[in-house]
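What follows is the residue order along each chain.
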Amino acid sequence: MNKKERVKITVNGSTFESLVSRRKSLVDFLREDLYLTGTKKGCGTGDCGSCVVLVNGEARTSCNLPAYRANGTEIVTIEGIATGRRLSPLQEAFVESGAIQCGFCTPGMVMEATAFLKQNPSPSENEIREAISGHICRCTGYVKIVEAIFMASQNITTDD
Amino acid sequence: MSEIGTSVRHPDAEEKVSGGLIYGSDYSLPGMLYGLILRSPHPHAKIKAINIDEARKLTGVKAVVTGSDYDFPLFSVAGVKNVDDRLLAKEKVRFIGDEVAAVASVDLETAAEAIKKIHVEYEPLPAVFEPEEAMKNDSVLVHEKVKNNIVNKIEIRHGNIQKAFSQSDAVVEASFETPIVHQSYLEPQSAVANWDAHGRLTMWLSTQSPKLAQMTYASALGLPLDKIRIVQLPMGGAFGGKLEYKLHPICALLARETGLPVKMVNTRKDEFLAGVPRLPMKIWMKAGCRKDGTFLAKQTEIIANCGAYVNYSQGIQLSATTRHDNLYRLKNIETDSYLVYTNTIPKGCFRGFGCPQSFFAFESIIDMLAGEIGMDPSEFRLKNASQKGDKTPHGWHLGSCGLSEAIVASTKVADWKNKRRSLPKKKTAGKAYGIGMACCLHVSGNRAFLPFFDGAASYVRIDEEGRVMVSVGEPDLGQGSRSTFALIASHELGIPVAQVTVSRVDTDLSPHGLGTFGDRSTTITGSAVRNAAIDARNMIAEAVADELNTVPEEILFREGFVVSKRDPQKRLLFAEAAKTCSFKKAGETVLGKGHFIPPGVTMVDPETKVGNISCAYPFVAQVAEVEVNLRTGEVKVLSFWAAHDLGKTMNPIMAEGQVHGAIAQGIGFALMEEIPLKNGKTIYNTFKQYKVPRATNMPTIRALFIESNDPIGPYGAKGLAEPALTPVAPAIANAIFHATGLRLTKLPMTPGRVKQHLARFPI
Ligand code: FES
Ligand code: FES
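Chains W and H, in that order, are what the protein sequence lines are. Those letters in the first sequence? Residues 879 to 1038, by the working numbering. Those letters in the second sequence? Residues 523 to 1285, by the working numbering.
None of these hints come from the bench; they were simulated from the model. Since the structure is predicted, the reported quantities are computational estimates derived from the model, not experimental observations. Every clue listed holds true.
With a cut-off of at most 25 Å between alpha-carbon atoms, the simulated DMTMM-like pairs for lysine to aspartate or glutamate come out as follows:
| # | chain 1 | residue 1 | chain 2 | residue 2 |
| --- | --- | --- | --- | --- |
| 1 | H | Lys749 | H | Glu779 |
| 2 | W | Lys882 | H | Asp629 |
| 3 | W | Lys882 | H | Glu631 |
| 4 | H | Lys1210 | W | Glu936 |
| 5 | H | Lys675 | H | Glu699 |
| 6 | H | Lys1213 | W | Glu1025 |
| 7 | W | Lys886 | H | Glu631 |
| 8 | H | Lys1213 | W | Glu1005 |
| 9 | H | Lys1200 | H | Glu699 |
| 10 | W | Lys881 | H | Glu576 |
| 11 | W | Lys886 | H | Asp629 |
| 12 | H | Lys639 | H | Asp591 |
| 13 | W | Lys881 | H | Glu631 |
| 14 | W | Lys996 | H | Glu537 |
| 15 | W | Lys881 | H | Glu635 |
| 16 | W | Lys996 | H | Glu536 |
| 17 | H | Lys1210 | W | Glu1005 |
| 18 | H | Lys1213 | W | Glu1003 |
| 19 | H | Lys948 | H | Glu901 |
| 20 | H | Lys568 | H | Asp593 |
| 21 | H | Lys1158 | W | Glu1003 |
| 22 | H | Lys953 | W | Glu1008 |
| 23 | H | Lys579 | H | Glu635 |
| 24 | H | Lys1213 | W | Glu1008 |
| 25 | H | Lys1158 | W | Glu1008 |
| 26 | H | Lys791 | W | Glu910 |
| 27 | H | Lys638 | W | Glu910 |
| 28 | W | Lys881 | H | Asp629 |
| 29 | W | Lys882 | H | Glu635 |
| 30 | H | Lys685 | H | Glu1129 |
| 31 | H | Lys1170 | W | Glu974 |
Required output: the full structure, derived from the provided sequences and hints.
This is the structure in structure tokens:
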């Protein structure tokens, strides 16, 4: 009843091979088996966005993806965004603009926005709001989060 | 060079943004087990038998506990006399979700398996869900000893209500209803517990009050206080909902039973089923005024449904019953307020502590009164607004009061006068537009919350390198109180804020602090930090006076130096001075101690409820502009202007963040959020069903700060976070009325409800 599968998953550049229960979600695998607790679990039903990671470059919720289905993929989590201690420009923007209160939504927001800005480097405010509409933040009213993503988009485009 | 009043970011921002910060639900210990709870599927039933044999036999299951295994004292939260709850139900269950048994296992999957294998034989009993039903003489009793299920009745009588109504030129009345809403902190409740060989328990919790947790769980588990240590971990939101919670001591129970560390984390479903959501109320209100706008009388009946157990509901009821009476110069007041048991989920604290409920009714009634005499609602409010120096009927002393300024400021930036005239004419393509306002006041610490004492204490520790560590008993809930405390200590010691760390709370090390609630942090704990920093400063001044060739009283702390006032050439680096002080006492750490007892504050009179419960009262005026879709009933909040008298803006970026977040929660309360019950069962289990505001639901927000410079709050500061939520729903309801002429009195004002109204009263 508790069938296990062998999986090989690359997370933040390191490859892990492991036996996981078919019932284990990717978020639980990351948090419990790999101790990567930066990815948060706010709901477990795909409705809050706090568990968003990049799977082969695409942002998606990891609580409704069984870990074994991620076999062979490349995952990037919040722990893989900074370069050493150097934060990414988007992370900097979150810190600078006061977009972080309790911070529990932050990893998911940063992952979502990282993927989003790759596709749409100079979004409008409304596009940013749409892009993060799958995420719940209960602390900030989203005001400074939207500002942060906007600020980062300006920096990224001017830097290039 | 004080940094007070400049934007200082959250001390943990980098750790949070890179995923490194360990929250309560991230914490783990080697060899840890996982626990789960079995909950009652019945709203009211006798437990006839529980069979745990099969569950116990499962490989990996280390413990199965039930209420009949123990003879624990009745349980309730600290300070509240109403002990009506048990850690695990014995004999009877009283709501769907009541804790019946708990399991600890090597992994969650096995624990879930074991839960299914616990067989409980219930004898279902008739149940009661609506408080009006529960109050009837022939009603089922939720707790046998409580007649008519009325846990608490409050009667307020001031002035002469009948005479005041007879003198009124206009009288209005209406019935209001507010729903069960969940705090929806993004991180679910969690606990990790471990016992050492001497029978001492340590718990790692994301809690608003480690001290209250320690006291409550000690009595729940029948332990002396010193046998429990609470280590506070960062939390993913709280909003009042993370005071004491049964999951924590149940986790401790499993850890004791197994002799191993145990972790428990709520699922979101557990949160909706058995969290501690907002106390729902039915409020009837009648009010009268003269035609010149003088507010004369208000009569109220409140029926609050506390569910199966009281928890903090009695305090919430008191707050809902009395606080709004202090906003305007009102003399004639009559209120009857009932707190009623039903077989529904027990309720708890949520930002605003009863005020969002009562102010929804009150601030709607104010607009109705103003409308009745044809007066602009902002004028009506200005005419009656409480003022600095007032003593209210409830005995509150308003040492500072920026209400009038807030009304003027918010209406001015909103272009109120013009929009009141022009917006109703703007009906285009099946849409109507309107602008509305609402006000409120709040406390900065609430003396009536706990019986033991009010106030706070702090230690400021300075090592020989000049690094400063502040300890307090009030956790940072994510709102950034640690940055405020760091600002205060750095200001008093004349050093950069970056040199100050504020530690998390640990009951073995931190001062005895009541915790973070009631908007008490900045004002009360902030004052304690200030006093502790001054104490530490004095110690250093004492130690280095000789060296600076002066006396301690003539020494200044500024810009990183300790300086002689008379001869500024004579100075020491702060770190050098700290070292001198420490070395002179054989390496003793400079340890400043300080406390703050809010002056002039009293408990309320048990009968009349009169008492100056806080040392400083913040005020708010908010304006909302809405668009109502006349076809779908959808209400969109377009713009929001929020003026806050917070006394003094300590940290603007954080203050704005508090206002923004509160308005989002207020919009949820006004338009979207509700946990509907069906025969006592919570039918919403997920955020798909329970809708909270998303980025796409938010208006543009402008926050304005009024600095009324309170004489008691530190540097003039008062509370901010809670009252920012309170006026949102009535401001929106008043704006909807302005747009459509429809008075909505039931929250949330969902498209369905608005549409129903539109169908009945087409415009
Ligand atoms: S935890 Fe995955 S979406 Fe909420
Ligand atoms: S910062 Fe707390 S949920 Fe977003």
